[in-house]
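Asker: Which chain is which? The protein sequence lines are S and Z, in order.
Using my numbering, read the first sequence as starting at 1 and increasing by one per residue.
Using my numbering, read the second sequence as starting at 1 and increasing by one per residue.
These are computed hints drawn from the structure, not numbers from a lab.
A few of these clues could be false.
Claimed, not checked - What follows is a list of derived Cβ distance ranges for each label pair:
#, chain 1, residue 1, chain 2, residue 2, range
1, S, Ala46, Z, Gly12, 46 to 54 Å
2, S, Lys120, Z, Leu120, 56 to 64 Å
3, Z, Lys60, S, Leu26, 27 to 35 Å
4, Z, Phe85, S, Tyr118, 41 to 49 Å
5, S, Ser71, Z, Asn55, 26 to 34 Å
6, S, Phe93, Z, Glu41, 18 to 26 Å
7, Z, Gly12, S, Phe90, 44 to 52 Å
8, Z, Cys126, S, Leu4, 12 to 20 Å
9, S, Asp47, Z, Phe85, 26 to 34 Å
10, Z, Asn55, S, Val88, 50 to 58 Å
11, Z, Lys127, S, Asp126, 49 to 57 Å
12, S, Tyr118, Z, Ala18, 50 to 58 Å
C-beta: ideal position from N, C-alpha, C; glycine also.
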Amino acid sequence: MNDLTRDLKQSFHDKEYRHGYVDDFLDMSIATQIKVLREQRSWTQADLAKAAGMLQPRISAMENVNYSSWSIKILRRIAESLDLTLKVSFESFGDRIRDIDYFSRKNLEKCSFKDDPYFKEQVKDDLLIKAQRFLDVPEQRKLPNLIYLVHDRDRNEKQTVKESFPGSMYNNNNNRQPRVEDLRKANL
Amino acid sequence: MINLFDYKDSNGYNVMQAWADNMPMQSRDRGKLDNRIDILERAEPNLLPPGLLHNVRGYKHIMHLVAKGKPVTLCPMLCRGVVDFQSEFTFLFGATEKDRKYLPRNAPEIADKNRDDLRLHTQCRCKHERFNKRP
Chain S
1 MNDLTRDLKQ SFHDKEYRHG YVDDFLDMSI ATQIKVLREQ RSWTQADLAK
51 AAGMLQPRIS AMENVNYSSW SIKILRRIAE SLDLTLKVSF ESFGDRIRDI
101 DYFSRKNLEK CSFKDDPYFK EQVKDDLLIK AQRFLDVPEQ RKLPNLIYLV
151 HDRDRNEKQT VKESFPGSMY NNNNNRQPRV EDLRKANL
Chain Z
1 MINLFDYKDS NGYNVMQAWA DNMPMQSRDR GKLDNRIDIL ERAEPNLLPP
51 GLLHNVRGYK HIMHLVAKGK PVTLCPMLCR GVVDFQSEFT FLFGATEKDR
101 KYLPRNAPEI ADKNRDDLRL HTQCRCKHER FNKRP
């Protein structure tokens with residue numbers, strides 16, 4: 001536990017204090033996150049305003065930490081324009097202290113759908129299964145390297161072509177374990 | 001992380017803590033002020049939230065932090081540095097704002113004078129302590 005967390009844990013026993021603190025933190029974190037997300041995409045305020053169907057001065061006002069007139073409707077529009085989902089939830093003060101502790105640019109940045117690693121992984125798995133359907137079992141064992149080659153091209157990353165060898169599904173330093181169910185699916 | 005300091009006058013008196021102790025501040029407003037100072041302290045060089053600090057007109061190096069409260073807005077005055085301008089801020093003087101006017105009226109002038117003093121005597125400051133921590 002760091003000094004800030006320890007201090008807050010003590011100070012938050014005062015109800016007025018803790019509500020004043022977290023209300024202000026909420027306004028500041030939303031404003032800051034809008035700016036961080038915009039900059040992550042290398043967008044100007046005008047770009048975001050255009051995508052969200054608003055005027056640039058409004059974006060400028062919302063990126064200011066002194067803005068507090070938030071509405072869920074407006075935040076939804078911002079979220080959609082950034083291709084993100086808005087999450088609104090009630091939280092305990094303990095959870096809020098963790099948010100305060102993790103307040104950083106890195107933690108405020110979020111990927112749009114097209115860059116979301118969760119869905120990139122899905123695309124890779126789908127490609128693997130589709131390719132396996134056209135090959136017999138010995139050939140399937142050579143597939144993983146082929147799939148990663150396609151995936152690397154998508155990301156425009158440096159190509160590393162590796163030798164395939166039987167008996168290993170994922171042998172390319174990705175720390176992925178062989179997934180037997182993929183092979184089973186392909187054999188159906 | 002930013003390092004925060006408080007100016008101490010020639011008598012070794014921490015003017016910021018004295019201001020916070022004597023200010024009739026509601027708990028809610030104190031919470032707001034502490035949040036802003038905590039965020040400032042945790043700010044990365046590339047993440048200073050917009051609107052957190054305002055420049056004081058007519059004083060190039062003086063800024064104030066705003067925490068809107070009732071009945072007055074709290075606006076402690078501060079500057080970058082004065083030893084390391086990248087990673088330090090020093091609180092110079094505590095002021096409030098009402099109807100867009102500082103109380104005391106000459107608050108920026110005092111803050112600027114304290115900064116000049118601090119530049120000559122860099123030992124006239126101490127690590128900032130959270131206001132709420134004080135008894």
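Asker: Compare the structure with each hint and give your call.
Answerer: Now the hints, each set against the structure:
no. : hint                            : result
1   : Ala46/S - Gly12/Z: 46 to 54 Å   : holds (52 Å)
2   : Lys120/S - Leu120/Z: 56 to 64 Å : holds (58 Å)
3   : Lys60/Z - Leu26/S: 27 to 35 Å   : holds (33 Å)
4   : Phe85/Z - Tyr118/S: 41 to 49 Å  : holds (42 Å)
5   : Ser71/S - Asn55/Z: 26 to 34 Å   : holds (30 Å)
6   : Phe93/S - Glu41/Z: 18 to 26 Å   : holds (20 Å)
7   : Gly12/Z - Phe90/S: 44 to 52 Å   : holds (47 Å)
8   : Cys126/Z - Leu4/S: 12 to 20 Å   : holds (19 Å)
9   : Asp47/S - Phe85/Z: 26 to 34 Å   : holds (32 Å)
10  : Asn55/Z - Val88/S: 50 to 58 Å   : violated (35 Å)
11  : Lys127/Z - Asp126/S: 49 to 57 Å : holds (56 Å)
12  : Tyr118/S - Ala18/Z: 50 to 58 Å  : holds (53 Å)
The structure does not agree with numbered hint 10 stated previously, though it agrees with all others.
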